[in-house]
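Peer 1: Top to bottom, those sequences are chains A and B. With the first letter of the first sequence counted as 1, position 145 gets the number 144 in numbering that gives the first Met the number 0; the numbers rise by one all the way through. With the first letter of the second sequence counted as 1, position 109 gets the number 108 in numbering that gives the first Met the number 0; the numbers rise by one all the way through.
Everything labelled a hint here was simulated from the structure, so no lab data went into it. Beta carbons are placed, not taken as given, at the ideal position from N, Cα and C, and that holds for glycine. Among the hints, erroneous ones may be present.
Said to hold, decoys possible - Selected chain A positions facing chain B (Cβ under 8 Å, derived; list incomplete): (1) F7; (2) A117; (3) S155; (4) Y159; (5) A239; (6) L243; (7) T244; (8) K321; (9) L335.
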Amino acid sequence: MILDIYSFSTLTSSIDNSLHNMMSPWMATLTEFVLVGIVFLLFYALLGLFLVYLERKVCAVIQNRIGPNRVGRWGIFQTFADFIKLLMKELITIKHADKFLFNLAPFIVIIASFMAMAALPFAKGLQAIDFNIGIFYVIAVSSLGVVGILIAGWSSNSKYSLIGAMRSGAQIISYELSVGLSLLAIVIFSGSMQLSTIVESQADGWWIFKGHIPAFIAFVLYLITATAEINRGPFDLAEAESELTAGFHTEYSGIKFAFFFLAEYMNMFIVSAIAATLFLGGWMPFHIGGWEGFNQIMDYIPSILWFFGKTFVVIYIIMWFKWTFPRLRIDQMLNLEWKYLLPLNLMNTVIISFVVLMGLYFK
Amino acid sequence: MNSEYLIIFFILGLALVGGAIIFSSLVSPRSYNSEKFEPYECGIPTEGPAWIQFRVGYYLFAIIYLVFDVETVFLFPFGVVMKSIGLRAFIEIVIFVFILGLGLLYAWKKGALKWI
């Protein structure tokens, strides 16, 4: 079993108890609100900066360059410097734009990614809100971001923005279907939508191994569609820089632009975390049935390291996609979804139901 | 934690974006140039507004999406109870996916998926 010393529930419950001992229940709840808020805000900001740095380094490795290496050792503070620069830039609202919607769009994009993060199980006992419809909630909330993108493109009153936003809308809603269906595979296997239950069900093996070939197909389909869902290359038609300048955020400057950029990276983290949680076992250590000694060694690695390790492996694969494949055309991309991925996904759903019915997977 | 805590995450997003925009507008320099506030269009003066009629291809996909997304939502409760109900759920899901597939085939044959 997982070692109890790595469980975060002891830590959180002791904080909760001591707060309730020190002050009135109302004040304690408020203090917890503030504490959780500060922790998540710091986590969000630092992770965003780190992901941008990671992307540049990964890109540099793939293109046989060094990448950022001037600000701090190995260029670690490069993104901090970029962030400060963006913060100091003038915020331009162009003349004919719809000013209210133009300013509203970054809020929607960031809030959508923040709220999706509320349901992620980071480690044993470290999950902000454990919904009983967890996976459904994440799909629903993370797809709200497309509203922000459409608003950004439309309100800019610029042709590049409009084309980018429309492309992005068509792309995200199309791939939404396949994301939902490929995640449905794991819901059928584990019989629950609650993320903590799904993780618990993988204690003796991850679904990608336990579910045989259908689960693996679902994982591959999820990787492809999730890459499209977050507007990353080879599906980054919404901001195809060689044809649309910057797509939906052409007219944004300074920190408002930075928020679209940040949201893209945070969405990448969220889809990777979902892939890690559902297919690769979340914070569960790698276990092989029967190998007791091996399993016990694996238990000594803290659950939070397992979660972030798996997530970053998936993130690396998604970055690898971007720097390897050429960009698709819009009609090719919609064809891929509607004529190949969606029928494949529907068939896979039926096959998985059959596998579960006959009990052909490892239990 | 209870789901009421969701409000924190909403407030966090609001505070992060709002705070940064307010801070940025306080410290950033400003200069006026009428050309600067024109929408970008490869360097030449902007030609007309961008709020125009747009191609119908995108809307067709949006309409088909609407149908299929509702169907996907129906599939999730099925996924949860599949194990406990067993054969009856499986037969029902085969029929459901078959009808869904017919719908996709219909849209395909009607040319709704073709990019003109």
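Peer 1: Now tell me if each hint is right for this structure.
Peer 2: Hints and how they fare:
About 12 Å separates the beta-carbon of A:F7 from the nearest beta-carbon of chain B, more than 8 Å, and the hint is not met. Interface restraint check: A:A117 against chain B, minimum CB-CB distance 5 Å, threshold 8 Å, status holds. Annotation: interface hint on A:S155 holds; nearest CB of chain B at approximately 7 Å, less than 8 Å. Below 8 Å, beta-carbon pairs count as interface contacts, and A:Y159 has one with chain B at about 7 Å; its hint therefore holds.
Checking A:A239 against chain B by beta carbon gives a least distance of about 15 Å; that is not within 8 Å, so the hint is violated. At its closest, the beta carbon of A:L243 sits 11 Å from a beta carbon of chain B; the interface hint therefore is violated under the 8 Å criterion. With 8 Å as the threshold, the beta carbon of A:T244 comes within range of chain B, its nearest partner Cβ sitting at about 6 Å, so the hint holds. For A:K321, the interface hint is violated, since its Cβ never comes within 8 Å of a Cβ in chain B; the closest pair sits about 24 Å apart.
The interface hint given for A:L335 is broken, as the beta carbon of that residue sits about 11 Å from the closest beta carbon of chain B, more than 8 Å.
Of the hints listed earlier, those the structure fails to meet are numbers 1, 5, 6, 8, 9, in rising order.
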